[in-house]
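Just so you know, the protein sequences line up as chains A and B, in that order.
Residue numbering for the first sequence follows my numbering, beginning at 148 and increasing consecutively.
Residue numbering for the second sequence follows my numbering, beginning at 148 and increasing consecutively.
These are calculated hints, taken from the structure and not from any lab test.
Treat the hints loosely; a few may be bogus.
Since the list gives no way to pick out one identical chain from another, each pair is judged satisfied if it fits inside one copy or across any two copies.
[Said to hold, decoys possible] Taking lysine-lysine and the DSSO-like style, the derived pairs with C-alpha atoms no more than 27 Å apart in a straight line are:
(1) 182 - 249
(2) 207 - 351
(3) 401 - 207
(4) 378 - 554
(5) 396 - 439
(6) 275 - 385
(7) 385 - 242
(8) 351 - 378
Number of protein chains: 2
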Amino acid sequence: MAMGNVIVGQSGGPTSVINSSLAGVFKTARDRGAKKIYGMRNGIEGLLEERYIDMSEYIKSDFEVEVLKRTPSAFLGSCRFKLPSCEKSPETYSKIIEVLRKLDIQHFFYIGGNDSMDTIKQLSEYAKANNITDITFMGVPKTIDNDLAVTDHTPGYGSAAKYIGTTLKELVRDALVQPINVVTVVEIMGRNAGWLTAAAALAKGDDCEGVDLIYLPETVFDINKFVEKVKDIQQVKKQVVVAVSEGVKTADGKYVCESASSSAMVDSFGHKALGGTASTLANLLAGELGCKTRPIEFSTIQRCASHIGSLTDVTEAFLIGAVAVKAAAEGETGKVGVFERVSQNPYLVGTSIYDVNAIANVEKTVPKEWIINDGTGLSQEAIDYMLPLIQGEVYPFMVNGLPKHIKL
Amino acid sequence: MAMGNVIVGQSGGPTSVINSSLAGVFKTARDRGAKKIYGMRNGIEGLLEERYIDMSEYIKSDFEVEVLKRTPSAFLGSCRFKLPSCEKSPETYSKIIEVLRKLDIQHFFYIGGNDSMDTIKQLSEYAKANNITDITFMGVPKTIDNDLAVTDHTPGYGSAAKYIGTTLKELVRDALVQPINVVTVVEIMGRNAGWLTAAAALAKGDDCEGVDLIYLPETVFDINKFVEKVKDIQQVKKQVVVAVSEGVKTADGKYVCESASSSAMVDSFGHKALGGTASTLANLLAGELGCKTRPIEFSTIQRCASHIGSLTDVTEAFLIGAVAVKAAAEGETGKVGVFERVSQNPYLVGTSIYDVNAIANVEKTVPKEWIINDGTGLSQEAIDYMLPLIQGEVYPFMVNGLPKHIKL
């Protein structure tokens, strides 16, 4: 039986492959005969304003599906809308159902991280409580942060990790070039989970000295110890490269960047200066060690660098979108597609669907036992976990020397 | 007749393709029968300390030549050593000649920017004045800044421009994703010449809205006018993306980042805070407009992102190294290889050698008439100039998901 109408939305921060999951939902639903495949503009926020598109008007060929897979950020636009509880705002829920009814939707898909999985949880529970049995609600996981529970890893992480490993290999080559003392401090995303910063460990190999110190938010950051460690390394070599999570905190629970951005930090325009973790630490080291320091922030570049996307990641992102569509067509609701690592070597991964309750609002951090060397390095087990996720390349279609994207 | 012994050095800031020029010198000299091809460690600074390698011990196959072409930064290490004048330090010159004599060098090659071309100028003039006729001194141009005179463009620029265009296309997609007011300010290298920042104009196309405002150091930066322009754009759309050169200066001749880094900017550790241009402007806009702002610095990433190297650039960098070797073998000295654009469409480029005096210590900036829209955009002529330089890709050899490099 052909699928009924479908609507799909994207939520939260962009990744390099969230559009590959969108492509997976779109193509699989189309192949399964869905009459209409709608896309919410800016997720649930746009849906509430009745902003949506008919995706078939924009993705007209398999070629465009491929371009979509290679386009970073969220094609449909995203939002950071936290669905209020049904008790607090029943009208939000009735409005959503009203719009879905209007479009004769049978399957609702939401691609996102923790908060988005909460949206699926709330909506599926609302449907159940209100005997709405003809609309399914399925989550499709994504986040560069890799902090979703249950699933072995999350689409978006592999490509971001590949960018981080690649760029750090290049930056290490760059950092070593001058015969002078210099400390490079690279800031990597991840407020509470250090998965992305852990990827800095991938840079090390036969052809690369790697990063000297790696600091995850999972361990307390001791500023004095940090300065001492850099000093120690400088006894042995001139150039030091440090990777640090934006989310590292000192023992008092404050972010390192907060501890520096005191009231004294007012620029000459009278505005409070907001420093990042890397610039805070680079500044500190320049003062303490009297040497050249260089802060580098990967910033949002790391979450949208689809020009160096991981084939494994792009493929799995598409797959997990397809898995959600298949499950929905089979009547599942309130679920989310997850990955299970069947085997490490060779890397083999299976998919299954899981109750969204186990995933929504839960945060998975890097296991403490993977963090070694007094909190400055990652174990071989960690590297073995990460390495398969960055394998293979999906290069963009290049037109006039630049990647071709697709936009609304 | 086979070439005599050769020595080659690299100097100044790294680029993605300075090693491709090194490969061009090495392979061409080897093919022309040079007995020994030495590499100075850390340029002239290392040579004075008699630090050098026999390159054939490290680059043993054509495959390794190809890996070298794909490895960013300077394989031999670099330096920022400004050769003192012969009058001031005759012993420096006699020491250099002594080392060259010891290695029986007939051909000296130096790959670098303005300062490095000055080294070639000084050494060739010294040789002439002292009747040293059996050693030639040749320059090989490189700089991401593209600010060398005479040559149509400089190796290193094309790959950096390709990185900038690629990453800005991705960042624009990212910036547009949330339905909120946000200003992204991207800082691009180039203290006095805006060539790299001009490459931000390449992002615009059918599939990309492009960057809204582009500020080069060639025009005076008016802070109030800047804020007004961002306000104006916000009347029309929520997300604004600005590209700004690190070197923009206000009418008083001060760098924008200096104007903010006043004595008030002391962090809680008591160190003077050093802000970049992007963070200064993002901070200013956050205060003035009350909206979210995001500073992004391409930092040194832009000069070593060989994973997205321009084929044109990598090929030309190799070529200009080969051109220097050929000229030296034919007895030229005190010269540098340059590019001449024979035709724009199709892009055809010729090479010639030029007196290094015309290039050393001269800085070429972006023509004023290419800067349009009240100093916030680039003309079609500018785009036509840049576009051929980013064409084609040289992807790295990927091993275990990351680029393979070669190191000493």
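Outcome of the hint check:
1. 182 - 249: Result: close within a single copy only, 15 Å intra versus 81 Å inter.
2. 207 - 351: Result: close only across copies, 23 Å inter versus 43 Å intra.
3. 401 - 207: neither (50 Å within a copy, 53 Å between copies)
4. 378 - 554: between (49 Å within a copy, 25 Å between copies)
5. 396 - 439: both (24 Å within a copy, 23 Å between copies)
6. 275 - 385: neither (63 Å within a copy, 38 Å between copies)
7. 385 - 242: Classified as between; 26 Å across copies, 62 Å inside a copy.
8. 351 - 378: within (21 Å within a copy, 46 Å between copies)
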